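Asker: Sequence:
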Amino acid sequence: MLSLVYKIRYYFEKHGFYVSSRLADRLGMRVKSVRLFFIYVSFATLGVWFAVYLTLGFLLKLKDLIYTKRTSVFDL
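Going by my numbering, the sequence shown opens with residue 16, and the numbers climb by one from there.
None of these hints come from the bench; they were simulated from the model.
Since the structure is predicted, the reported quantities are computational estimates derived from the model, not experimental observations.
Cβ coordinates follow ideal geometry from the N, Cα and C atoms, glycine included.
Do not take every clue at face value.
[Stated by the list, open to error] What follows is a list of derived Cβ distance ranges for each label pair:
#1 R45 <-> V20: 31 to 39 Å
#2 K29 <-> S57: 16 to 24 Å
#3 D79 <-> I23: 19 to 27 Å
#4 F65 <-> F89: 40 to 48 Å
#5 L51 <-> I81: 25 to 33 Å
#6 T70 <-> L17: 28 to 36 Å
#7 I23 <-> M44: 17 to 25 Å
#8 S48 <-> L77: 23 to 31 Å
#9 A66 <-> F89: 37 to 45 Å
#10 L17 <-> L74: 30 to 38 Å
#11 F52 <-> F89: 39 to 47 Å
#12 L19 <-> V46: 15 to 23 Å
#13 F89 <-> F58: 49 to 57 Å
Turn these sequences into a full structure, and let the hints guide you.
Answerer: Set out below in C-alpha cells:
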C-alpha cells in the first residue's frame, strides 16, 4: 500500500507542471508545505483549488513556451 503511494507521488512529481515548486521558490517555503496546502484546501472546497492548480500549471507552461531564452540571435 505504501509503495503504491510512493509510485503515485513519484509519477506526479516527475510529470507535473512544477506549480508547487515554482510557487514555493517564489514564497521561500518548502515544496511539501505548498503541496499539502493545495491538497487540504482541495478537500475543504470540494475541488475548486484543484482547478486553480491546473490553471496555474497551464499558464506557467504557456509562459515557458512564449518566453524561452535564446542562446543566439540566429535562434529565431
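Asker: Now look at each hint and say whether the structure bears it out.
Answerer: For each hint, the structure was consulted:
no., hint, result
1, R45 <-> V20: 31 to 39 Å, "violated (19 Å)"
2, K29 <-> S57: 16 to 24 Å, "holds (21 Å)"
3, D79 <-> I23: 19 to 27 Å, "holds (25 Å)"
4, F65 <-> F89: 40 to 48 Å, "holds (42 Å)"
5, L51 <-> I81: 25 to 33 Å, "holds (31 Å)"
6, T70 <-> L17: 28 to 36 Å, "holds (32 Å)"
7, I23 <-> M44: 17 to 25 Å, "holds (23 Å)"
8, S48 <-> L77: 23 to 31 Å, "holds (26 Å)"
9, A66 <-> F89: 37 to 45 Å, "holds (41 Å)"
10, L17 <-> L74: 30 to 38 Å, "holds (34 Å)"
11, F52 <-> F89: 39 to 47 Å, "holds (44 Å)"
12, L19 <-> V46: 15 to 23 Å, "holds (21 Å)"
13, F89 <-> F58: 49 to 57 Å, "holds (51 Å)"
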